[in-house]
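Given chain A, put chains B, C and D in place with the hints provided.
Protein chains: 4
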Amino acid sequence: MSIKEGELVELTDNKNVFFLNLKSNEVFSTHKGNIYHNDIIGKEYGDTVKTHKGKEFLILKPTLYDIIMYGIKRKTQIIYPKDSAYITLKLGLTSDMKVFETGIGSGALTIVMANAVKPSGIIHAYEKEIKHLQTAKENLKLAQMDKYVHFHNKDISLGIEEKDFDAAFIDVKEPWTHIKHIKPALKKGAIIGFLVPTANQIINLLQELERHSFLKIEVKEILLREYKPIAERLRPEDRMVAHTGYLIFARNK
Amino acid sequence: MSIKEGELVELTDNKNVFFLNLKSNEVFSTHKGNIYHNDIIGKEYGDTVKTHKGKEFLILKPTLYDIIMYGIKRKTQIIYPKDSAYITLKLGLTSDMKVFETGIGSGALTIVMANAVKPSGIIHAYEKEIKHLQTAKENLKLAQMDKYVHFHNKDISLGIEEKDFDAAFIDVKEPWTHIKHIKPALKKGAIIGFLVPTANQIINLLQELERHSFLKIEVKEILLREYKPIAERLRPEDRMVAHTGYLIFARNK
Amino acid sequence: MSIKEGELVELTDNKNVFFLNLKSNEVFSTHKGNIYHNDIIGKEYGDTVKTHKGKEFLILKPTLYDIIMYGIKRKTQIIYPKDSAYITLKLGLTSDMKVFETGIGSGALTIVMANAVKPSGIIHAYEKEIKHLQTAKENLKLAQMDKYVHFHNKDISLGIEEKDFDAAFIDVKEPWTHIKHIKPALKKGAIIGFLVPTANQIINLLQELERHSFLKIEVKEILLREYKPIAERLRPEDRMVAHTGYLIFARNK
Amino acid sequence: MSIKEGELVELTDNKNVFFLNLKSNEVFSTHKGNIYHNDIIGKEYGDTVKTHKGKEFLILKPTLYDIIMYGIKRKTQIIYPKDSAYITLKLGLTSDMKVFETGIGSGALTIVMANAVKPSGIIHAYEKEIKHLQTAKENLKLAQMDKYVHFHNKDISLGIEEKDFDAAFIDVKEPWTHIKHIKPALKKGAIIGFLVPTANQIINLLQELERHSFLKIEVKEILLREYKPIAERLRPEDRMVAHTGYLIFARNK
Chain A
1 MSIKEGELVE
11 LTDNKNVFFL
21 NLKSNEVFST
31 HKGNIYHNDI
41 IGKEYGDTVK
51 THKGKEFLIL
61 KPTLYDIIMY
71 GIKRKTQIIY
81 PKDSAYITLK
91 LGLTSDMKVF
101 ETGIGSGALT
111 IVMANAVKPS
121 GIIHAYEKEI
131 KHLQTAKENL
141 KLAQMDKYVH
151 FHNKDISLGI
161 EEKDFDAAFI
171 DVKEPWTHIK
181 HIKPALKKGA
191 IIGFLVPTAN
201 QIINLLQELE
211 RHSFLKIEVK
221 EILLREYKPI
231 AERLRPEDRM
241 VAHTGYLIFA
251 RNK
Chain B
1 MSIKEGELVE
11 LTDNKNVFFL
21 NLKSNEVFST
31 HKGNIYHNDI
41 IGKEYGDTVK
51 THKGKEFLIL
61 KPTLYDIIMY
71 GIKRKTQIIY
81 PKDSAYITLK
91 LGLTSDMKVF
101 ETGIGSGALT
111 IVMANAVKPS
121 GIIHAYEKEI
131 KHLQTAKENL
141 KLAQMDKYVH
151 FHNKDISLGI
161 EEKDFDAAFI
171 DVKEPWTHIK
181 HIKPALKKGA
191 IIGFLVPTAN
201 QIINLLQELE
211 RHSFLKIEVK
221 EILLREYKPI
231 AERLRPEDRM
241 VAHTGYLIFA
251 RNK
Chain C
1 MSIKEGELVE
11 LTDNKNVFFL
21 NLKSNEVFST
31 HKGNIYHNDI
41 IGKEYGDTVK
51 THKGKEFLIL
61 KPTLYDIIMY
71 GIKRKTQIIY
81 PKDSAYITLK
91 LGLTSDMKVF
101 ETGIGSGALT
111 IVMANAVKPS
121 GIIHAYEKEI
131 KHLQTAKENL
141 KLAQMDKYVH
151 FHNKDISLGI
161 EEKDFDAAFI
171 DVKEPWTHIK
181 HIKPALKKGA
191 IIGFLVPTAN
201 QIINLLQELE
211 RHSFLKIEVK
221 EILLREYKPI
231 AERLRPEDRM
241 VAHTGYLIFA
251 RNK
Chain D
1 MSIKEGELVE
11 LTDNKNVFFL
21 NLKSNEVFST
31 HKGNIYHNDI
41 IGKEYGDTVK
51 THKGKEFLIL
61 KPTLYDIIMY
71 GIKRKTQIIY
81 PKDSAYITLK
91 LGLTSDMKVF
101 ETGIGSGALT
111 IVMANAVKPS
121 GIIHAYEKEI
131 KHLQTAKENL
141 KLAQMDKYVH
151 FHNKDISLGI
161 EEKDFDAAFI
171 DVKEPWTHIK
181 HIKPALKKGA
191 IIGFLVPTAN
201 QIINLLQELE
211 RHSFLKIEVK
221 EILLREYKPI
231 AERLRPEDRM
241 VAHTGYLIFA
251 RNK
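Protein chains in written order, with my numbering: chain A, 1 to 253; chain B, 1 to 253; chain C, 1 to 253; chain D, 1 to 253.
In isolation and in its complexed conformation, chain A is listed as follows (with noise of 0.2 Å):
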């Protein structure tokens, strides 16, 4: 099926990666030349379009990873693939369920919750700061996610109006205070998550949990370890992020 206008593409000669919204006769100014969007349009993914110096990229369809590493306007800390893949799966994410989350930030863990639930689920999205609601929501439009997802600009310490939630995921500063606003918007037995970037946020957390009977309370972290892909010299990349946050899951009883 060739390539339309109005499509995002994702343009890569293994050193760039560019995303084009893709509008006839636009041209992209690069350091390795002009790409007229024409070029590319009728096109199919995986082909290759040539700047006006001769060098080659090869057009793909993005991923909503690379949408998420690359794509997305980032103005706050994002949530990584590497927990955001392991928190949709932990939280039990499958389509038609509804999902309470909060706060939202640049919505990188939205777009993949979203894609969980999808096609007939919905994510319940509370962000408080305005301008983090506007950056998630062109984002998640980005994705092509934003009909899954219901953004409320709402703090959660007025209150949850919505009921019967399947899942949660809490990013916020002090979610201890927040869980007695939670929990009557869970449905009993769901599965609610939290991240945390401190020791002393899982330690009030954890007391609040056990406090409010939640069941099944677990702490972990996952490290993400990258190796250079040489085939003669394979070894680890000489540095890494050592830490992004803590997740904490738990079941509503």
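FYI, nobody ran anything at the bench for these hints, they're computed from the structure. A portion of the hints provided could be inaccurate.
[To be verified] Simulated restraints on C-beta separations:
1. 119(C) <-> 232(D): 33 to 39 Å
2. 119(C) <-> 13(D): 34 to 40 Å
3. 13(D) <-> 226(B): 51 to 57 Å
4. 74(C) <-> 134(A): 49 to 55 Å
5. 27(D) <-> 56(A): 44 to 50 Å
6. 215(C) <-> 29(D): 22 to 28 Å
7. 138(D) <-> 119(C): 25 to 31 Å
8. 77(D) <-> 155(A): 49 to 55 Å
9. 230(B) <-> 226(C): 36 to 42 Å
10. 226(B) <-> 141(D): 44 to 50 Å
11. 130(B) <-> 21(C): 57 to 63 Å
[Said to hold, decoys possible] Calculated lysine-lysine pairs in the DSS-like style (CA-CA distance at most 30 Å, straight line):
12. 43(B) <-> 118(A)
13. 55(D) <-> 253(C)
14. 137(A) <-> 118(B)
15. 187(C) <-> 61(D)
16. 61(A) <-> 73(B)
17. 187(A) <-> 173(B)
Owing to the predicted nature of the structure, the values given are computational and were not obtained by experimental measurement. The beta carbon of each residue, even a glycine, is placed where N, CA and C say it ideally should be.
Okay, now just chains B, C and D, sitting in the frame of chain A:
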């Protein structure tokens, strides 16, 4: 919605996890006493049931995560959620995709990938060992994901009949020997992933991927560290799984 | 130089490791046959000895590392070489230093620190449990490091008699309660180290160290990953020790 | 004991670390103001000195750890304390030992090993690059460990003159090509260690060690994770050194 006969339920008392396929009049014996299926049928998820000795169990709708960790038969080393969740996101799986997988072993990854491509996508799963295929089928059925999988009792070294795969995942002993069969079955731009346990396998694989002009080759490893969830004495578990496998990803050109 | 009666030797056949204190005419029974001490006395390190069944063992002079890992009695959780080696270097230990340690547990760290301060330095080791002190003494003797240690059957909460320590290492349950006793016993500029297993303990300790004006406070953790040493299938071991303790260091001001 | 001219001192204000070789009447300029050497001479370690702008610095006797991390010239990738401390303990180094090392690079490991074999042991250090040898000599002198090292401007591929080494450490690009030269120079039962950055090197080395009948071959890797030492927000640092090198150890038979 009340729980019906024929449903798969998970029972937990925070120490034990049991899976029951509900049949009226049946009894399930545990060391904490007998549980009557009839006492569960008609209840709701999140309710509790008592054994004849009065011990309480929480009734949960099992998530795919729980099914993989506690429910499926393991006849082979399985691919764990920390890896399968990441693989699924990295491959760019989304509903409607057509995905190739071999070998499927006990089907733990297949379950997660099937959930990602449903409702209208399909996993073509090749497995040369008929006994593994049977186990995988049973496990996929348990997870209610079997209808999104086309099982083939086939050895990939005899080639792949289907074409135009959006993505592929290969978990066999000598994956480099099969690149020539897999490449023609992939769409251009499709992402292929591999799991191999040894550095020697990575080295062989990298050489072959380069020889076949795959792009954006990445080698990664995911480590999951678990913590004792005790507020007063927060600390990592004493021991951890230190290695499952290396993950390799590449784009077909 | 030939091996003499009274020496401690290590025997290994690459599967088993045995420690023998050589006495003429004695016999050591193994499941691979009997080993006669007389067959070892007079040989050299690096030679082999055979059991009465003809199975060969290599005769090694045990290193401190081997003594700690295989030779000493473990009545408590020991501090492993990955940690004790780093602690010793971080504390700046060198010959002639006067070092304070409590509690000493089975003496595994004491052995390594004693080796670093010999020939003219001294470790003052406080241990309130008499049975641990006895075990530690035996273990230090086994490692031939006992003459560099002054053992005190004392509880640090009653204060420290000695003064002017160059360095100190504290491995007790509530180290923050003892800072006020330890500080006056340290030289200005001396480095103090701690091992604690939980995040809560780190938090308490950091508060107290700041309150007492310690400088250059550092919190670290050392992970040791082992690989299967097989050239054809190089890979990490399946499981690893995921946590021994957090290490905290500071300079006395 | 008061600080004298000619001594090496470390100054720190918890943000900056400076090393000074004290000479009377000299001045050291910092962005926090000038420090007069005369203001330090005659003081004691642990005292403070003020710049002409009134900023206070703590005067410390530098530990080997600090000299390696902040003091030495780094003309090559150095072996860090997390590795050098472990290597030294694993090799079984203790005073009076005769140890072989090549290549020595900037001498960071040599400093730690020299400290372990002093006062009467010796490190024979081979380095084929004269410029590295000069740097290493200067660094060993800075650490006051040069008298325990015999420096050889030699390429190990031309063989080793000395005999009867108690231990050896090899940090060169193709260590497997030198096993045949090193083995005859080792005592039986001696431990040999290697650092290599890539998996390919481990594989080559394991093959050669087996071919030469080395025993108890081990492959290890040490990871150091650092935490932000803040009591209210305890958490790992965002990034870490993910790889320095793999450590391989074996016993000479």
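Verification of the supplied hints:
The hint said 33 to 39 Å for the Cβ distance between residue 119(C) and residue 232(D), and at roughly 45 Å that hint is violated. Checked against the hint of 34 to 40 Å, the pair residue 119(C) and residue 13(D) passes, with Cβ atoms roughly 36 Å apart. Evaluation of the 51 to 57 Å hint for residue 13(D) and residue 226(B) yields a failure: the beta carbon distance comes to about 40 Å. Here the CB-CB span from residue 74(C) to residue 134(A) is close to 60 Å, at odds with the stated 49 to 55 Å.
Here the CB-CB span from residue 27(D) to residue 56(A) is close to 60 Å, at odds with the stated 44 to 50 Å. Between residue 215(C) and residue 29(D), the C-beta spacing of about 23 Å keeps the proposed range 22 to 28 Å intact. At about 28 Å, the CB distance of residue 138(D) to residue 119(C) agrees with the hint of 25 to 31 Å. The given range of 49 to 55 Å is respected by residue 77(D) and residue 155(A), whose C-beta atoms sit roughly 50 Å from each other.
Separation of residue 230(B) from residue 226(C) is about 28 Å and departs from the stated range, judged on CB atoms against 36 to 42 Å. Separated by about 48 Å at the C-beta atoms, residue 226(B) and residue 141(D) satisfy the suggested range of 44 to 50 Å. The given range of 57 to 63 Å is respected by residue 130(B) and residue 21(C), whose C-beta atoms sit roughly 59 Å from each other. A distance of roughly 28 Å separates the Cα atoms of residue 43(B) and residue 118(A); the hinted pair therefore holds under the 30 Å criterion.
Between residue 55(D) and residue 253(C), the direct Cα distance comes to roughly 16 Å. Compliance with the 30 Å bound is thereby established for this hinted pair. Pair hint residue 137(A) plus residue 118(B) holds up; C-alpha atoms about 25 Å apart against a cutoff of 30 Å. At roughly 11 Å between alpha-carbon atoms, residue 187(C) and residue 61(D) fall within 30 Å of each other, so this suggested pair holds. Taking the CA atoms of residue 61(A) and residue 73(B), the gap is about 37 Å. The hint is violated against a cut of 30 Å.
In summary, the hint linking residue 187(A) to residue 173(B) is not supported, as the alpha carbons are separated by about 44 Å, beyond the 30 Å threshold.
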